[in-house]
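Undergrad: Construct the complete structure from the given sequences, taking the supplied hints into account.
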Amino acid sequence: MRELALNILDITENSISAGATLIEIGVSADFEKDVLRICIVDNGCGMDEEMLARVTDPFTTTRTTRKVGMGLPLFKFSAESAGGEFSIRSEKGKGTEVCASYQISHVDRMPLGDFGGVALQLVTMNPQADFRITAESGDRRGALDTREVREILGEGVPLSSPEVRMFLKEYIQENLVDIFGGRL
Amino acid sequence: MKSLEELRALREKMKSQTDNRSVAGADETVIKVGMATCGIAAGARPVLDALLDEADKRQLHNVSISQTGCIGMCRLEPIVEVFKDGQKFTYVHMTADKARKVMNDHVVNGNPCAEYLIGEN
Numbered sequence: 000m001r002e003l004a005l006n007i008l009d010i011t012e013n014s015i016s017a018g019a020t021l022i023e024i025g026v027s028a029d030f031e032k033d034v035l036r037i038c039i040v041d042n043g044c045g046m047d048e049e050m051l052a053r054v055t056d057p058f059t060t061t062r063t064t065r066k067v068g069m070g071l072p073l074f075k076f077s078a079e080s081a082g083g084e085f086s087i088r089s090e091k092g093k094g095t096e097v098c099a100s101y102q103i104s105h106v107d108r109m110p111l112g113d114f115g116g117v118a119l120q121l122v123t124m125n126p127q128a129d130f131r132i133t134a135e136s137g138d139r140r141g142a143l144d145t146r147e148v149r150e151i152l153g154e155g156v157p158l159s160s161p162e163v164r165m166f167l168k169e170y171i172q173e174n175l176v177d178i179f180g181g182r183l
Numbered sequence: 000m001k002s003l004e005e006l007r008a009l010r011e012k013m014k015s016q017t018d019n020r021s022v023a024g025a026d027e028t029v030i031k032v033g034m035a036t037c038g039i040a041a042g043a044r045p046v047l048d049a050l051l052d053e054a055d056k057r058q059l060h061n062v063s064i065s066q067t068g069c070i071g072m073c074r075l076e077p078i079v080e081v082f083k084d085g086q087k088f089t090y091v092h093m094t095a096d097k098a099r100k101v102m103n104d105h106v107v108n109g110n111p112c113a114e115y116l117i118g119e120n
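These protein sequences, in sequence, are chains A and B. Quick note on numbering that gives the first Met the number 0: the first sequence kicks off at 0 and runs consecutively. Quick note on numbering that gives the first Met the number 0: the second sequence kicks off at 0 and runs consecutively.
If you're looking for bench data, these hints aren't it; they were derived computationally from the structure. Remember, it's a predicted structure, so these values are computed and weren't measured experimentally. Treat the hints with care, as some may be off.
Derived lysine-lysine pairs resembling DSS-like cross-links, with alpha carbons at most 27 Å apart [as the list claims (entries may be wrong)]:
1) A:75 with A:91
2) B:56 with B:12
3) A:168 with B:31
4) B:83 with B:56
5) A:168 with B:56
6) B:97 with B:31
7) B:14 with B:1
8) A:168 with B:14
9) B:100 with B:31
10) B:31 with B:87
11) B:97 with B:56
12) B:12 with B:1
13) B:87 with B:56
14) B:83 with B:100
15) B:100 with B:87
16) A:168 with B:97
17) B:100 with A:168
18) A:75 with A:93
19) B:56 with B:14
20) B:12 with A:168
21) B:1 with A:168
TA: Here is the structure:
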């Protein structure tokens with residue numbers, strides 16, 4: 000994993016496997032305090048305390064094809080090796096919240112990467128879940144809520160249709176450039 | 000800057016055109032890209048983007064592209080599975096360029112790219 004955006008994609012896939020119907024992804028940067036924060040909150044099936052305690056161990060996984068699960072350990076490592084912190088909270092039946100923070104100027108902080116592309120992929124390829132994706136930096140902020148988009152589009156026009164995808168791609172990119180201005 | 004209001008106009012436009020995407024039927028090709036930690040780390044995202052881009056460019060209405068979890072052979076990721084003509088083709092060690100070639104040669108023209116198939120790797 001060379002981009003934080005890919006970590007976000009990976010962790011969000013966990014939310015989708017957990018049957019979440021609403022997933023909130025927040026990326027906020029405070030350049031004055033030199034802190035970048037990423038949070039992924041879902042309303043999926045959650046996990047019990049015993050699982051929660053083991054979940055950042057690479058040898059814990061819910062997948063059945065093999066015994067290794069690197070998603071959360073890699074995300075945790077990305078934060079802790081860049082002067083930041085990692086936290087995960089979960090409640091069985093309620094959902095899970097994964098947060099990571101980074102020192103923006105830290106030499107080992109991974110670049111954010113193609114977050115716009117990841118956001119687009121998530122909203123267009125997961126019709127079963129709704130997303131609220133927010134980006135924030137100082138007084139600039141933007142949000143994309145698929146519930147809002149679905150309401151405008153109405154029945155019968157899926158988010159995955161090429162015309163909608165093209166619109167969302169540009170919409171997300173323009174907003175991200177305006178908010179972060181390529182500084183992450 | 001674009002606003003969500005433009006979506007409304009888009010919806011009106013799309014309502015007026017009949018969509019033959021939904022009536023693809025039996026000749027539909029299904030493409031799946033492994034998008035678990037292993038796939039993502041190996042570069043599955045650019046592969047998926049390339050597939051979607053080709054499908055858009057060529058206006059392929061009978062192709063459904065989706066993502067899936069870990070296919071089970073992490074060392075061969077990025078993996079792309081193509082279900083076509085009642086058969087399954089597993090392409091391994093994919094890149095964006097290889098994905099475009101698979102779209103061209105196999106999905107559109109019906110000639111599987113044997114050199115990228117799992118049996119050859």
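Undergrad: Holds or violated: residue 168 of chain A and residue 31 of chain B, Cα atoms, limit 27 Å.
TA: OK: residue 168 of chain A and residue 31 of chain B at ~21 Å, within 27 Å.
Undergrad: Straight-line Cα separation of residue 56 of chain B and residue 12 of chain B no greater than 27 Å?
TA: Cα-Cα ~19 Å, so holds.
Undergrad: What's the verdict on residue 168 of chain A and residue 97 of chain B, does the C-alpha distance respect the 27 Å limit or exceed it?
TA: Holds, at roughly 23 Å.
Undergrad: Does residue 168 of chain A pair with residue 56 of chain B here, judged by a C-alpha cut-off of 27 Å?
TA: Holds, at about 15 Å.
Undergrad: With the threshold set at 27 Å, check whether the alpha-carbon distance from residue 14 of chain B to residue 1 of chain B stays at or below it.
TA: Given pair residue 14 of chain B, residue 1 of chain B holds - Cα atoms ~21 Å apart, limit 27 Å.
Undergrad: Given the hint that residue 31 of chain B pairs with residue 87 of chain B, test it: the Cα-Cα distance must not exceed 27 Å.
TA: OK: residue 31 of chain B and residue 87 of chain B at ~11 Å, within 27 Å.
Undergrad: Next pair to validate is residue 12 of chain B with residue 168 of chain A; report whether the Cα-Cα distance is within 27 Å.
TA: Since the Cα atoms of residue 12 of chain B and residue 168 of chain A sit roughly 18 Å apart, the hinted pair holds (cutoff 27 Å).
Undergrad: Taking only the CA atoms, is the gap from residue 100 of chain B to residue 87 of chain B under or equal to 27 Å?
TA: Holds, at about 17 Å.
Undergrad: Does the alpha-carbon distance linking residue 168 of chain A and residue 14 of chain B stay inside the 27 Å limit?
TA: holds (21 Å)
Undergrad: Do the alpha carbons of residue 97 of chain B and residue 31 of chain B lie within 27 Å of each other, as the hint requires?
TA: With a Cα-Cα distance of about 15 Å, the restraint between residue 97 of chain B and residue 31 of chain B holds, given a limit of 27 Å.
Undergrad: For residue 83 of chain B and residue 56 of chain B, compute the direct alpha-carbon distance and say whether it is at most 27 Å.
TA: holds (20 Å)
Undergrad: Hinted pair, alpha-carbon criterion (27 Å max): residue 83 of chain B, residue 100 of chain B. Please report holds or violated.
TA: holds (16 Å)
Against the hints set out earlier in the document, no violation occurs for any number.
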